[in-house]
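So the protein lines, in turn, are chains C and G.
Heads up: take any position in the first sequence, counting from 1, add 687, and you land on this note's numbering.
Heads up: take any position in the second sequence, counting from 1, add 242, and you land on this note's numbering.
If you're looking for bench data, these hints aren't it; they were derived computationally from the structure.
Predicted model, so just to flag it, every value in this text is computed and none were measured.
Don't take each hint at face value.
Label pairs and their in silico Cβ distance ranges [as the list claims (entries may be wrong)]:
hint, chain 1, residue 1, chain 2, residue 2, range
1, C, I1073, G, T360, 28 to 36 angstroms
2, G, D382, C, E1090, 30 to 38 angstroms
3, C, L1080, G, S273, 40 to 48 angstroms
4, C, L711, G, A276, 47 to 55 angstroms
5, C, R1088, G, D461, 27 to 35 angstroms
6, C, D1043, G, P361, 32 to 40 angstroms
7, C, F1032, G, A417, 55 to 63 angstroms
8, C, V957, G, D329, 52 to 60 angstroms
9, G, E275, C, I699, 41 to 49 angstroms
10, G, A276, C, L1080, 41 to 49 angstroms
Covered by chain C, according to a simulated footprint, are these stretches of chain G (three or more residues, beta-carbon under 8 angstroms) [as the list claims (entries may be wrong)]:
hint, region
11, 294–302
12, 347–353
Where a beta carbon is used, it is the ideal one built from N, C-alpha and C, also for glycine.
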Amino acid sequence: MRSVLDLIGVAISGLTSRVSRTLLIMLGPIIGVSAIVAAVGLTESAKGDLQADLAELGTNLITAEAAGSFGTQNPVFPEDVVDRIEALGGVQKSTATLSLTGIITAPYEAAATYYTAFPTPVLSADSNFLEVMEIELKSGRWLNEFDYRTGARVAVLGIDIANEYSYLAGENVTIQLNGLDYAVIGVYENVKLVTNFNTAVLIPPLAADNDFDVGLEANTVYVRADPARVNEVRDALPVAINLGGNDEVNTSVPSDALEASAKADSTLQVIVATMGILALVVGGVGIANVMSISVIQRSAEIGIRRALGHGRGLIAWQFLLEAVAVGFFGGLGGLAVGVGIVVYFSRLRDWTHVLDPILVIGDYEFPSHFLGVPTIYVLGMSAALITSVIAGLYPSVKAARLEPLETLRLG
Amino acid sequence: MPDASLLQLEEVSRIYGDEVQVHALDRVSMSIEAGEFVSIVGPSGSGKSTMLGLLGLLDLPSLGTMWVTGKSVRDLSDYERSRLRGDVVGFIFQQFHLIPHLDARKNVETALLYRNLTPGERKRRAMEALDIVGLAPRSDHRPVQLSGGEQQRVAIARAIVTEPKLLLADEPTGALDSTNAANVMEIFQELHSPLRAIAIVTHDPAVAATAQRRISMKDGRIVADEILTPTQPAAGYGGTLGTDGQGTLEAVETEADS
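If we strip away everything but chain G, and leave its shape as in the complex, we get (with noise of 0.2 angstroms):
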């Protein structure tokens, strides 16, 4: 039965396929708690895609069972799923994904829509958030007059401007030169809280190295799940440069290809 954990995952397996039978995910255990920092790395095909998917509820297992703050989400209809991902989990893209005709504050303001909030208080919050990310002063400009620095920030105040428990971040600074990736990960080190958990699929070691915990994936298994030494990395971020990280990465017997 479900602990007090955030997530947890017994015995999933995601597998596609009928005939040819596809195990994206094979078996996997394990739980993030509240507050937690983690890293989810490994190769292109080593499931951690289906992970996010599972884990931001967008997807439900094949086999086993997950819990989600103590919910079983197979029990739960579209609706119920869609509310409790609403409220749980916020999701930060690699391509940011802002919606295009919208301006930076209504982008985060489409988080806060269906739940019973007048204009004014969705406005206030939205702009709380975007200062947050220190955007506030672009607050009217589209996602095209937006750097891609800065529409990942406005992503990121979209996810954090519903006070989820759980931001959920798919290669947050894979289009993103490194300076921008830095800036990302320092407001990500901000964010971090025990009210916040934080969870990173990357195949970028050094966005790795920032976590305090790191998971590592192949062939659809957990391969490895460490407790990192927490460091402070202010450069390298980008895979192409620097890409042995600043944290300590002993006892890794499968390393993520970037």
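So that you can see chain C by itself, here it is in the shape it has in the complex (with noise of 0.2 angstroms):
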């Protein structure tokens, strides 16, 4: 046992006599593992956020929108769309909108010209908005019974277009539809799951019959569901809106798309991860490069030992663990680094950092704790130990084959 602390001193004692090769040679794995780890645990950080805010806003709501058989202009739903569709099973609430095309929004009527170029979204919306979209006012009120009953000229806007018109909470202010005066009762704060929303204007269904001639029937609407039934309520939405109709309804589920986009970032995490790999593949051939330098360098040291009667395969041993010490302490600097990188990119970010990311390498998922020790600080480490053993079997053997004799010039 004293021997194997009497090796390790050797090896630590060969490598401080050494500063500056030392350094140099363990930027291999430094680099390395701090690619790996910074890359698993930024694409983890930015994901996090995004989970986070999916497992908040629910996976479970469902979107309809009417697709009309081929010609028909501006698709509906029957009248009746939400009873039909809240009397399906596993549908917990929906709420049935009308987007309305063509419709020009100001903050006041000199500047509708100005706003023509950016047209506004404006939906008619039921009662059951909020709560199915799940949003929240951040000023005023939403519609009420009156504005439905009587199709009052008031408007509820994203938070967005409130910025963008300056209308301040509070404030007794209109926004122009077409030239026509519609009170701002209300801004909702931002919503995720639907980006367009928090640049829309929502008004009662009745006065967006009654001054731009729409109908009263709905052309979106959005289904929240059992999150166990998700997939059968969607396939069940088309025939029970349309019942057995010809009329196409396309449904979609918004949280997918979002999804989508943290599996494109794990696929990143692949491609950084891999160079890191690649960085400690060239670190590993230079420490094998050098060492190898160092076994000539050393020639006299190592005839010494031997003379001194430490067998080859001590030698061999000095030179490996000298390796293996650079992959360690490299590895280390690396595991510190790719930390730092992960914690102060994060912060410049807004993100959560994740310090314990799940790696997932092709479809395997790997637990996120190792013996209680992040995984991925397991498996950069374990990059390191072995790229630097690997690194350390020619030097090592070329210092035990070595012979004394020659290397002592006797006589």
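Starting from two chains that each stand alone, build the complex the way the hints lay out.
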């Protein structure tokens, strides 16, 4: 056992006596491991917020849009679409909206020409809208029973359009829709799941029909389903809405798009981590190179140690351990640098940094921890150690094969 | 069969090369007993370096048998031979061969590695050995900070720290001026004891004359093996001066050239 400690001491003193060379060859494992840790950690940190959002928004929102058969202009759903949908098993709640087309919106009349170039979605929405979309009001109020019944000219705005038109919370102002003044009664918070709601103007269906002659039918419904039955509900929607009619219904799950973007990130993760492994391999070649030269330079030392009774095996171990120590301490340095990168860039981007990311390669998902240590650190260190062992094999065998008689120049 | 000899060679040859064979040693038989003080002399190419490699267990005979403390070296693995070398032989080289990045004490301690010693024990023994050669106060100096004579004394400390039965020196004064050479030879005289044999390979007659026994070699053979009258030389080492030395050198057929 003490012999092992002796060996470690010899290896460490061999490295510390040549500090700059040791630091140089440590760069390989440092860059490799930090790239692996940073790549996986950063992509996971970026994804982490997205997944938190998804968990908050829920993945059970389904969108159904009226597509109509060929040639139908402005296809719409039947008037009782919400009742039909809510009669389905697995549906929790739904809301119907109608997208109005060709409405020019402007904060005041004189600006109408300018804002023609920036079309703003105008929707009529029913009373379930906020609840189904899980949207919070930022200020003011939502459309009430009176507004729905009388078709009052009132509007609730998305956060972005409110900012764009400089509406201040609680101020009694109007918005112009095709020149008609609508009172702005409320502004709602940022909608993450359907981002074009943030620039939308929502009005009562009756007002939409009165002023723009669009009818009372809806062309888009949003459905909250039982999370376990999302696909089942999605498949059943077209039939339920049309009662077997020919008109088409396009369904989608908005959270799918967000999840797909998270998947795209994991591809990036694999690419950068692969580059890290490449850096490790190149670093390993560097270790092998420098140590081979070192063996030649230190041939006298090797001869002395042999003369002092150290066998070939001990010489081989000494040089192998030097390589492994480079991998070990370089790997530790790489972990530190990698964690630093993840924390620093996460702070820059306002992400919550993830230091125990889940690594996915192909279809295999690694557990997040291995013996209590984040798996990515274990994998990074293992990769550094394995490359350094392989890199150290040739120099150590070369050192062990040196003939002491030749290196000591006797006589 | 081997008797109680420290080292024994029987009809040992060392042959280099395959097609053109060079007999660096040609059927040499001899033995070194415990506590002897031997010099091995001879001109360049006489085979004394080859002899040194064999006596130091750094090399193996091509033919013949060699026993070290009763063990035939041919039967030993590299590990066992290395162990035996570390236990029985202490080397002193012409070029000192200290490890440059270690200080004096650490250089001495290198001989004590892999012997199941605690660091404290190793340090104590290294300091004792440095004290014997008078260098304990400079134990934290690295080789480049020491003079040639001091470096050779560190090397001697390293050779004796394992308490070997044989000190094997290769031209130990060859790289030293005459003062340091005399100093080193005095240390050899002091170190010589019934428990510690000394063998010095040299072509300096003055160095050879300090030994009790002189083995002269030429062309791979031993040409003379004499017991010398004990002397206490005080000066004259270094080859260029006083090559006649002070030992009694009668009955020398093959004078070593220097």
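Discussion item. Are any of the numbered hints broken by this structure? If so, which, sorted upward?
Written reply: Those not satisfied: there are none.
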